[in-house]
Amino acid sequence: MKKIGLLLSILIFVINVAALQNNIIFADSWTSQGLSIKEHSDNSLILNYSITEFQFDEIDIDNEILTNILLPGVFLPNDEGLPNLPGSGRYLAIPQGAKAELRILDYRTERYSNLDIAPAPRIPLDTETGPLEYSKNRDVYSSSINYPENFIQLSEPSKLRGVDVVMLGITPFQYNPVSKELIVYRDIEIEINFIGGNRYFGEDRLRNRWWDPILKDTILNSDVLPDLDFNNRETTRDGAEYVIICPDDVTFLAWADSIKAFRQKQGISTMIVTTTALGGNTVAAIETYVDNAYNNWSTPPAAILLLGDYGTGTSGINSQIYTHPAGYPDFVSDNKFADVDGDELPDIVFARITANNESQLETMITKFLDYERNPPTDTDFYDHPITALGWQTTRWFQICSETIGGFLNNELGK
Numbered sequence: 097m098k099k100i101g102l103l104l105s106i107l108i109f110v111i112n113v114a115a116l117q118n119n120i121i122f123a124d125s126w127t128s129q130g131l132s133i134k135e136h137s138d139n140s141l142i143l144n145y146s147i148t149e150f151q152f153d154e155i156d157i158d159n160e161i162l163t164n165i166l167l168p169g170v171f172l173p174n175d176e177g178l179p180n181l182p183g184s185g186r187y188l189a190i191p192q193g194a195k196a197e198l199r200i201l202d203y204r205t206e207r208y209s210n211l212d213i214a215p216a217p218r219i220p221l222d223t224e225t226g227p228l229e230y231s232k233n234r235d236v237y238s239s240s241i242n243y244p245e246n247f248i249q250l251s252e253p254s255k256l257r258g259v260d261v262v263m264l265g266i267t268p269f270q271y272n273p274v275s276k277e278l279i280v281y282r283d284i285e286i287e288i289n290f291i292g293g294n295r296y297f298g299e300d301r302l303r304n305r306w307w308d309p310i311l312k313d314t315i316l317n318s319d320v321l322p323d324l325d326f327n328n329r330e331t332t333r334d335g336a337e338y339v340i341i342c343p344d345d346v347t348f349l350a351w352a353d354s355i356k357a358f359r360q361k362q363g364i365s366t367m368i369v370t371t372t373a374l375g376g377n378t379v380a381a382i383e384t385y386v387d388n389a390y391n392n393w394s395t396p397p398a399a400i401l402l403l404g405d406y407g408t409g410t411s412g413i414n415s416q417i418y419t420h421p422a423g424y425p426d427f428v429s430d431n432k433f434a435d436v437d438g439d440e441l442p443d444i445v446f447a448r449i450t451a452n453n454e455s456q457l458e459t460m461i462t463k464f465l466d467y468e469r470n471p472p473t474d475t476d477f478y479d480h481p482i483t484a485l486g487w488q489t490t491r492w493f494q495i496c497s498e499t500i501g502g503f504l505n506n507e508l509g510k
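Here the sequence shown stands for residues 97 to 510, where the numbers follow my numbering.
Rather than coming from a laboratory, the hints here were simulated on the basis of the structure. As the structure is a computational prediction, the values presented were derived from the model and not from experiment. All residues carry an ideal CB built from backbone N, CA and C; glycine is no exception. Hints are not guaranteed to be accurate.
[What the hints assert, rightly or not] The following label-pair restraints were derived from C-beta to C-beta distances: (1) K134 / Y467: 37 to 47 Å; (2) R295 / S497: 46 to 56 Å; (3) E149 / D202: 12 to 22 Å; (4) N139 / I200: 13 to 23 Å; (5) E299 / Q151: 35 to 45 Å; (6) N119 / D387: 43 to 53 Å; (7) L441 / E154: 32 to 42 Å; (8) D212 / D138: 39 to 49 Å; (9) N139 / F171: 32 to 42 Å; (10) A380 / A422: 23 to 33 Å; (11) I155 / T225: 13 to 23 Å; (12) P471 / S275: 58 to 68 Å; (13) D138 / E458: 50 to 60 Å; (14) Q151 / F503: 12 to 22 Å.
[What the hints assert, rightly or not] Listed below are the simulated BS3-like cross-link pairs for lysine-lysine, each with C-alpha atoms no more than 30 Å apart in a straight line: (15) K432 / K195; (16) K432 / K463; (17) K312 / K432; (18) K134 / K255; (19) K312 / K195; (20) K463 / K361; (21) K510 / K312; (22) K312 / K255; (23) K463 / K510; (24) K432 / K255; (25) K255 / K195; (26) K134 / K312; (27) K134 / K195; (28) K312 / K361; (29) K276 / K232.
Starting from the given sequences, assemble the full structure and let the hints guide the process.
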């Protein structure tokens with residue numbers, strides 16, 4: 097009995113210490129933290145989601161002590177005014193032409209009472225100063241319905257470089273603002289069934305050695321993509337992996353040819369096209385050319401380089417102008433060209449060398465060619481990175497630079 101009493105005392109002490117630290121640890125989770133694959137086949141996928149730890153964090157909002165929930169690996173807040181419950185999502189590959197159906201097979205929960213969960217703040221403009229603004233959504237906070245109503249959601253199918261995908265979103269918490277009870281879904285087993293389709297994953301024509309690593313990093317079940325030998329593809333295929341678009345100008349063409357020669361020595365099929373040859377220096381002509389290359393070439397481009405600064409004349413390359421939703425000046429983006437299927441995500445890697453004349457072309461291209469031909473071999477070069485920022489206290493440049501610097505220093509040990 098004495099031993100049992102001692103063990104209970106130790107257990108109570110540990111629980112109290114954890115409570116003081118607001119750190120919740122589950123030692124018997126089904127799997128490691130986050131989402132993992134348990135089983136997969138051509139027609140279904142079984143996933144496990146587990147929380148091994150999370151944290152309650154007190155926050156003072158207008159002299160009211162509220163609670164934030166911190167979940168490792170989740171950094172983005174919820175929508176403004178809604179209970180700030182952390183959640184995350186992952187892309188899942190599904191067969192060509194299929195739809196996905198979600199089924200929850202099993203779960204375990206823990207419940208916590210008397211919690212005032214803080215609302216998510218309004219994300220400020222980078223010109224705003226002062227503390228974050230928090231304002232509770234009255235409809236949600238006055239309702240005795242668990243929020244969110246559906247803690248697991250599945251998106252409609254979309255595509256990533258020819259791979260049919262759905263986004264699985266999981267918010268492993270539900271909060272009742274009236275009773276102030278929090279439900280934590282500490283372990284969940286999920287089944288995703290593929291309905292219809294042809295049981296084949298991805299479009300082989302669009303896959304290549306450059307995009308496969310991106311797909312494997314982005315898609316949770318990327319192992320279902322068939323193995324392809326990119327070194328043994330037909331050499332008679334039309335198109336190119338790397339396309340350089342440049343103004344119809346002798347100087348720009350000469351420097352484009354220097355880049356092409358280097359890329360070909362690297363084993364990358366490369367071609368040059370002028371704005372004149374593709375139909376003119378207009379947004380519509382460039383977009384039509386890129387879309388056709390992606391959709392119809394047997395070797396669709398993995399990457400496209402725009403060689404020239406933005407411009408509507410003979411020495412520039414046009415691009416889409418957008419009106420900023422928050423009232424900033426209009427801005428230009430090449431993503432309209434990179435996004436072939438209209439979902440705002442790039443299907444081709446796009447880059448632009450913003451040179452206006454021969455001097456700028458020589459400086460920029462010589463620098464990157466020298467760097468790629470003779471990359472630094474001294475370990476100090478990689479162990480001591482430098483971040484630079486524009487000093488402007490009214491905006492967020494310094495926060496961005498310091499965040500990157502902190503990650504390199506604290507997480508990567510640089």
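Which constraints among the numbered hints does this structure fail? Numbers only, ascending. none
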